[in-house]
Amino acid sequence: MRIYLDHNATTPLAPPVADRMAQALRDVWGNASSIHHFGQQAKAALDEARASVGALIGGDASDIVFTAGGTESDNLAIRGAAEAIEPSGRKHLVTSAIEHEAVLNTMKALARRGWRVTIVPVDASGIVSVDRMREAISDDTALVSVMHANNEIGTIQPIAEIAAVARERGALFHTDAVQSAGKIPIDVRALGVDMLTIAGHKLYGPKGTGALWMKRGVRLVSPITGGKQERSRRAGTENVPALVGLGVAAELAQQKMPSEAPRLAALRDRLEAGVVSKVSGTERNGAAAPRVPNTTNISIDRVEAESLLIGLDLAGIAVSSGSACSSGTLEPSHVLKAMGLPHARTLGSLRFSLGAGNTEEHVDRVIEVLPGIVEKLRSLTTVGGRK
Amino acid sequence: MSGGVDSSVAAALLAEQGHDVIGVSMQLYDNSQVTESGQRAFGTCCTIDDLYDARRVAATIGIPHYIVNFESQFGEHVIANFVREYVHGRTPIPCSHCNSDLKFAELLDRAKAYDAEQLATGHYARIERDAAGLYHLYRGADNSKDQTYFLFSLTQEQLSRAAFPVGHLDKSTVRAHAERLKLHVTQKPDSQEICFVPDGDYAKFVERKAPESTRPGTVVDNGGRVLGTHAGVHRFTIGQRKGLGLSSSEPLYVLEIKPESAQVVVGSRDDLGRTSLTASEVNWTSGKAPSDWLRVSAQIRHRHAAAPAKVRRTDEGRAELAFDAPQTAITPGQAVVFYDGEEVLGGGWID
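Each protein sequence line maps, in turn, to chains A and B. Heads up: the first sequence is residues 1 to 387, going by our numbering. Heads up: the second sequence is residues 1 to 351, going by our numbering.
Calculated directly from the structure, the hints in this document are not laboratory data. Hints may contain errors.
Below 27 Å or equal to it, Euclidean Cα-Cα: the simulated DSS-like pairs (lysine-lysine) are [stated by the list, open to error]: (1) K108(A) <-> K91(A); (2) K112(B) <-> K278(A); (3) K278(A) <-> K337(A); (4) K171(B) <-> K204(B); (5) K145(B) <-> K310(B); (6) K376(A) <-> K145(B).
Based on the sequences and whatever the hints tell you, model everything.
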């Protein structure tokens, strides 16, 4: 039996998504920009998907820009807004220390091109302080980007409050909602954001799909130049069959959320309680804050995450930790570092992210297997320095 | 799994024999360069290419594959030792340290934690267990590829856990297996240089890691007469002839390196020959040092034809060795490995 507990990394396609995509791959192959029948058929399929994605986040279909993923949506929002606002003289960007690399590294890239970038720290619970944000955002701030839910610890950030601060200062506000969309209700108007990113493959849709919701009136200069697709906001022929899949996934996520969210929260709590009681030297990270229901992050003392991940995988359990670097090895989590955790505690942290396929049996199996693996690794003569 | 032919075939043969094989590659150093703007740039990044090869081979033979990050351990033990030795006027062998301090230490421990019975590598060496339960280490069947020189420090415990599936094969047979098993690395050339110095410029590498290595000094002859100057003892190895910066009627060779006075002593080829040496950190493969002088054939560098000698234990972990005939360029920092025919009896580091 293989148990997948890494749904924040990616999710399998929901079966209806795969079915509709397979059908679209065969039948809906027209170019959505064409005037003829084939183009109209493709355009109709896109529009239907657009409506479903809009509905998931309380937005209008026409404000959805389809992209090839969350990273691209983040780049479009941040680079696009920065370039559009630059002539106004605002030359300052604000973000948080626990953002996904798609946001953090985009901000850093702009910093190398002369933008002033403020990276606001988080508190020990993994929450961005609204007061610190208020201090950071100034009258020359062009854009603020703070993620909705964190990918590693699941904490939900006070987006509505931070967005209000940005608005007061005349700055645009973007949120990366890749890890919250489909897990908790989202209403872009209630949040008061200007732009919001989602990704298909985190909500049982296909990889290579994403969307950026843009409030009407927000101006971007697209970093990708080309044709006039997506109302000139994202050039390139739309990947219609994949976006059909994204639409179906959004629709399913919305339908299932009322029953799935409490189910996953109960499983997550059972997992946390079991691991913490069965493995000595464990601490939960970010658990004091509001969290998405499927995620827990647990530090395990005196053992390295890398060796734990391998041991768990050999036992058929797929989890993750930190972020994989280019070679596939692990680097200490910048999120846990930003929370001020001691280095040792960042090295031995595991992220369990539950999803549709998981059952109590899965959770109990982890609780049964993990203590033995931890003990074996702790008994290694070379751990924590050489013999 | 280094991504090379030997470890790839080793893994594939074990899988083919029905063993439950877990592929592991060690990430040992970071070859990416940080550019002036703070971005990581990837140039001729052999590491990532090799990891890619290992991963593809694992996928071809249908085994799981993991990368374990030993960068800090490798830096701390192997690279630091490499630099320190050069700064001290010695000529190190990082491959041996990698075997004894990483592969058959940290990695072997990991393997045990994952309930693996053995750690298999692509080394050209053979292990046999005798009736008394003692493990014996023999040269690889392909003597031209034999790697036992780098494995002299393995103990009985380590040998009991090690497997060398290509040790009884010659290189052409290994490549034939790679082709038969459709491994894409079939034609990959053997690695030649020390892996973490891909351009082969050891001096520059040492200087980058240890700026104090560039302490200038003099080149002198056997009588102490100054013949020239040099830019650091790390640029020299015993027996070296090129790059001395001297003009002389007869070819001159490095005879001795004196790090304290930063002197490099040179002389004629005849002066290079010596018959005796002492060694430290000596390991006896059987676990027991001989009680008296022992006749062996001894090898003093990777490409040296083992020569007749006698060896005896002096203090704990130390030995003295006398060759029957003078050997050229006995080099401190290199290993001396004792053989009885094909069998490794032990070895140590030349003082």
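Status of each hint after checking the structure:
1. K108(A) <-> K91(A): Holds - the C-alpha atoms of K91(A) and K108(A) are around 14 Å apart, at most 27 Å.
2. K112(B) <-> K278(A): Between K112(B) and K278(A) the Cα gap is close to 23 Å, so the pair holds against 27 Å.
3. K278(A) <-> K337(A): With a Cα-Cα distance of about 26 Å, the restraint between K278(A) and K337(A) holds, given a limit of 27 Å.
4. K171(B) <-> K204(B): violated, 33 Å
5. K145(B) <-> K310(B): Between K145(B) and K310(B) the Cα gap is close to 26 Å, so the pair holds against 27 Å.
6. K376(A) <-> K145(B): violated, 37 Å
In this structure, the earlier hints numbered 4, 6 are contradicted, and the remaining ones agree with it.
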